[in-house]
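**Q** Going line by line, the protein sequences match chains A and B.
If you're matching positions, the first sequence starts at 3 in our numbering and goes up one per residue.
If you're matching positions, the second sequence starts at 815 in our numbering and goes up one per residue.
By construction, these hints were calculated from the structure, which means they are not laboratory data.
One or more hints might be untrue.
[Stated by the list, open to error] What follows is a set of in silico ranges between Cβ atoms, one per label pair, in the way DEER data are often shown:
1. 50(A) <-> 825(B): 51 to 61 Å
2. 16(A) <-> 826(B): 42 to 52 Å
3. 819(B) <-> 27(A): 50 to 60 Å
4. 117(A) <-> 882(B): 16 to 26 Å
5. 853(B) <-> 21(A): 53 to 63 Å
6. 59(A) <-> 824(B): 47 to 57 Å
[Said to hold, decoys possible] Some chain A residues close to chain B (C-beta under 10 Å, calculated; not the full set):
7. 86
8. 97
9. 98
10. 99
11. 100
12. 102
13. 104
14. 105
15. 106
16. 109
17. 112
18. 113
19. 116
Even for Gly, the Cβ is constructed at its ideal location relative to N, Cα and C.
Below, each chain spelled out in residue letters.
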Amino acid sequence: MKESFGTRLARLRKDKGLTQEEVADKLHVSPQAVSKWECAASYPDIDGLLTLSEVLGVTVDELVGKAKETPHLVPENERKDVKNMTLKVTVDSTDGDKVRINIPVALLKIVVESGVAMPAVNGNEALKNIDFKQIMTLIEQGVIGKLVEIDSADGDHVEVTVN
Amino acid sequence: MVIKVLTKRGPRIRIWMPLGVAKWHIVRHAIIKSSHHDENVITLVGLLPQLVKAARRYVRRHGHLTIVEVKTHDGDHILIRI
Numbered sequence: 003m004k005e006s007f008g009t010r011l012a013r014l015r016k017d018k019g020l021t022q023e024e025v026a027d028k029l030h031v032s033p034q035a036v037s038k039w040e041c042a043a044s045y046p047d048i049d050g051l052l053t054l055s056e057v058l059g060v061t062v063d064e065l066v067g068k069a070k071e072t073p074h075l076v077p078e079n080e081r082k083d084v085k086n087m088t089l090k091v092t093v094d095s096t097d098g099d100k101v102r103i104n105i106p107v108a109l110l111k112i113v114v115e116s117g118v119a120m121p122a123v124n125g126n127e128a129l130k131n132i133d134f135k136q137i138m139t140l141i142e143q144g145v146i147g148k149l150v151e152i153d154s155a156d157g158d159h160v161e162v163t164v165n
Numbered sequence: 815m816v817i818k819v820l821t822k823r824g825p826r827i828r829i830w831m832p833l834g835v836a837k838w839h840i841v842r843h844a845i846i847k848s849s850h851h852d853e854n855v856i857t858l859v860g861l862l863p864q865l866v867k868a869a870r871r872y873v874r875r876h877g878h879l880t881i882v883e884v885k886t887h888d889g890d891h892i893l894i895r896i
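Work the whole structure out from these sequences, hints included.
**A** Structure, rendered in structure tokens:
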């Protein structure tokens, strides 16, 4: 499930160590307005978004969820069931081919626990060294987002994201 | 499971295959690629029922599972979806 604007705003605010009142003060709005944004009862206007991004030290893209997710730890009570999570592997090769692989985390868990070596995608060198066991440990500890990003010597770009 | 191969100029191919049949194609492919007595293949065969079950459960929850999607630089589009 995609993270909502309100949840993302609350997460970024807490990451920055700010209270709703402090954010409201910097934006010259009421704390209730910030609370409403985080509860998805209303949304800030464009000027508010720009100021918010400055206050929180992120880009507007990241604030509205357009930017690729940075890895973050989900609190234990907000974590999704592993059965509902997906591991996405994207490979953008230099010759212009784009490969997208989606693996349900439940499947990955079965394979990792069995100790079977993960097959490389069409011999892609960059994927061979990814430690899926380590990735599974991170997922179980509640870390989601972009966990791996590789720019290989031959120009391929590989990303492993969990959501 | 459906395999779609949509080429830019050539034919558009759609292959429907029961998941139960597809899993044996995966085993066959793994055996061909492996060396004799490859422990990975033996373990993989043992895991298949669990993997298929987990995939079916995921599809039931999410409607579909696009396992692989490839867009080539020359415009071909290959999709493997359960």
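**Q** Taking the hints in turn, state whether each one holds.
**A** Here is what the structure says about each hint:
1. A C-beta distance of roughly 53 Å is found between residue 50(A) and residue 825(B), which places it inside the suggested range of 51 to 61 Å.
2. At about 49 Å, the CB distance of residue 16(A) to residue 826(B) agrees with the hint of 42 to 52 Å.
3. Taking the beta carbon of each, residue 819(B) and residue 27(A) are about 58 Å apart, inside 50 to 60 Å as hinted.
4. As the Cβ distance of residue 117(A) to residue 882(B) is approximately 24 Å, the hint placing it in 16 to 26 Å holds.
5. Residue 853(B) and residue 21(A) have their C-beta atoms about 55 Å apart, which keeps the hinted 53 to 63 Å range intact.
6. The hint said 47 to 57 Å for the Cβ distance between residue 59(A) and residue 824(B), and at roughly 50 Å that hint holds.
7. The beta carbon of residue 86(A) is positioned within 10 Å of a beta carbon in chain B (closest approach about 7 Å), and the interface hint is therefore held.
8. Interface restraint check for residue 97(A): the shortest CB-CB distance to chain B comes to about 5 Å, inside 10 Å, so the restraint holds.
9. The restraint placing residue 98(A) at the interface with chain B holds, with a minimum CB-CB distance near 3 Å, inside the 10 Å limit.
10. Proximity of residue 99(A) to chain B holds as hinted, the smallest CB-CB distance being about 5 Å (cut-off 10 Å).
11. Given the 10 Å rule on beta carbons, the hint for residue 100(A) holds: about 4 Å separates it from the nearest Cβ of chain B.
12. Below 10 Å, beta-carbon pairs count as interface contacts, and residue 102(A) has one with chain B at about 4 Å; its hint therefore holds.
13. Annotation: residue 104(A) was flagged as interfacial toward chain B, and the flag holds, the nearest CB pair being 6 Å apart, inside 10 Å.
14. Interface restraint check for residue 105(A): the shortest CB-CB distance to chain B comes to about 8 Å, inside 10 Å, so the restraint holds.
15. At its closest, the beta carbon of residue 106(A) sits 4 Å from a beta carbon of chain B; the interface hint therefore holds under the 10 Å criterion.
16. Because the beta carbon of residue 109(A) sits about 5 Å from the nearest beta carbon in chain B, less than 10 Å, this interface hint is met.
17. Taking 10 Å as the C-beta contact cut-off toward chain B, the hint placing residue 112(A) at the interface holds, the least distance being around 5 Å.
18. Given hint, residue 113(A) at the interface with chain B, holds; its Cβ is 7 Å from that chain's nearest Cβ, closer than 10 Å.
19. The closest approach between the C-beta of residue 116(A) and any C-beta of chain B is roughly 5 Å, which is under the 10 Å cut-off, so the hint is satisfied.
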